[in-house]
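Read top to bottom, the protein sequences are chains A and B.
Under our numbering, residues -15 to 250 are what the first sequence spells out, in order.
Under our numbering, residues -15 to 250 are what the second sequence spells out, in order.
Quick caveat, the hints were computed from the structure, so don't treat them as lab data.
All values derive from a computational prediction rather than experimental measurement.
Careful: at least some of the hints might be erroneous.
Since the list gives no way to pick one copy over another, a pair counts as held whenever it fits inside one copy or between any two copies.
Claimed, not checked - Below, in silico cross-link-like pairs of lysine to aspartate or glutamate (EDC-like), each with a Cα-Cα straight-line distance of 20 Å or less:
| no. | residue 1 | residue 2 |
| --- | --- | --- |
| 1 | K87 | E12 |
| 2 | K147 | E179 |
| 3 | K58 | D22 |
| 4 | K210 | E62 |
| 5 | K210 | D145 |
If you want the building blocks of each chain, they are given just below.
There are 2 protein chains.
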Amino acid sequence: MNSFNSLLISAVKNKKSHLCIGLDITPEGIRNKYASIDDLKLHTKKIISATEDLAVAFKPNLGFYERWGSQGFKWLEETMSLFAEETLVIGDAKRGDIGNTAKQYANSLFRHFGFDAVTLSPYMGFDSIEPFLSNPKKGVFILCKTSNPSSSDFQNLSYNDKKLFELVAKKCFEWNQNENIGLVVGATVPEEIVEVRKNAPGLPLLIPGVGAQGGSLEKSMEYGNKDGISLINVSRSIIFSSDLSEKSMRSSAKDYVDKMREIIDE
Amino acid sequence: MNSFNSLLISAVKNKKSHLCIGLDITPEGIRNKYASIDDLKLHTKKIISATEDLAVAFKPNLGFYERWGSQGFKWLEETMSLFAEETLVIGDAKRGDIGNTAKQYANSLFRHFGFDAVTLSPYMGFDSIEPFLSNPKKGVFILCKTSNPSSSDFQNLSYNDKKLFELVAKKCFEWNQNENIGLVVGATVPEEIVEVRKNAPGLPLLIPGVGAQGGSLEKSMEYGNKDGISLINVSRSIIFSSDLSEKSMRSSAKDYVDKMREIIDE
């Protein structure tokens, strides 16, 4: 068993951690609005060095690199070379395009940048997802029920008593022939994690929204780890923690992991 | 009146053209699988020089640049400097992320790269779109009913007798307070252009799928230009036309524009 989902399950067990650290690094976050990319690179190294043994995965968000154009993508390329072999790296790209373009993005994200998994948007249907599925070792997390306030604009519309996000979960469950599909569900809507689980038992969940967005760690862990495992993404409250030192970032990450272990052991 | 939508309408009238040329440039397309980025840059220049007076807009698709990482984004930066001031350039990015990330993408696409408009995915709802709307001169085209075969997986689900793509059209119509929202509707599903129009009268349509994907130019022009205007996107059948010379690319673009003028004059 060498599928992405099995690699993820092993990593969670080995590290006794469900922590995914989101890399959404901004000048504002490091409290230096004149920060150069070199300052941001330095902070990236500090984050990884301080927390890599605690985190199962890191999740660079491509928007925060793309903001700087080609220089930002260079920073992302350099970031990718910093991780240890066993660390899983998820490209938070939320891509979704027709097959021909999806192939380019799959080439970019899996081959060029070397991500282990990526996030994708389901709006365009299966042929926008398929080019990412052929290598079982590479995974995708498909947006299902997101953590933002407007997620209900379309995701909660009902069709024959099922909401759109439940139908997305159901379809993804069917598409998961290579054991490399997971779902994104927001910690801000914990009851909906339960609904997603009913429609997609066994699929790993990537749960953002704990921390700055106010989602519940307890409920995300409890609901997200029934019938499958979950990764809990935390970004700002670790990567911009108190005095921005390695010590304070590590301490914040350690607090999260300790709480996760307590919840699992209960 | 200086909104993106009014600029687009003026440009269509001034150039008597509805043509948008998609820049999806690959080594395979220029029939040289060992092509370097310099070869692709050269072909980009040829395309623009051969067709810029005929096209209202160009639409670089970010996936085709991202495939090459930071070097690809450098190519995109260089491409952006090639266009004349009055040429509209649409970044086909299909982004969609929570507000904080959407701001980064808006910075990237509008400020760093300088696109006049971008394509976005509606799946995450209004707060994923809002950061792109504040400057009326910059526009967005939101995915509504796409041209790919799997578009019906989710876009055609019905809620109270309206399909998801119709509800997306309706919401976009409501959100269009700054006259800078348009919709993406595939030429491969011309009847659905009519349904979109009913729900979003007046909104510009970006219609891909003519050419290699087999959509009808006639129907796209006829249905797309009732109650508003449409841009017809053509990529491969212009940019990789016959012998790849400027002459043949121009001739292919000219054929499309002549047909558009005939259809409009009928």
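If the cutoff is 20 Å on CA atoms, where do K147 and E179 land: within, between, both or neither? Let me know, please.
For K147 and E179, the Cα distance is within 20 Å only inside one copy (10 Å; across copies 23 Å).
Between copies, within a copy, both or neither: which fits K210 and D145 at Cα up to 20 Å?
Neither. Shortest intra-copy (23 Å) and inter-copy (36 Å) distances fail the 20 Å Cα cut-off.
Within a copy, between copies, both or neither: where do K210 and E62 come within 20 Å Cα-Cα?
neither (37 Å within a copy, 50 Å between copies)
Is it within a copy, between copies, both, or neither that the alpha carbon of K87 lies no farther than 20 Å from that of E12?
Between copies only: 13 Å across chains, 34 Å inside a chain, cut-off 20 Å.
Under a CA distance limit of 20 Å, which applies to K58 and D22: within one copy, between copies, both, or neither?
For K58 and D22, both the intra-copy (11 Å) and inter-copy (18 Å) Cα distances are at most 20 Å.
When each numbered hint is compared with the structure, violations occur for hints 4 and 5.
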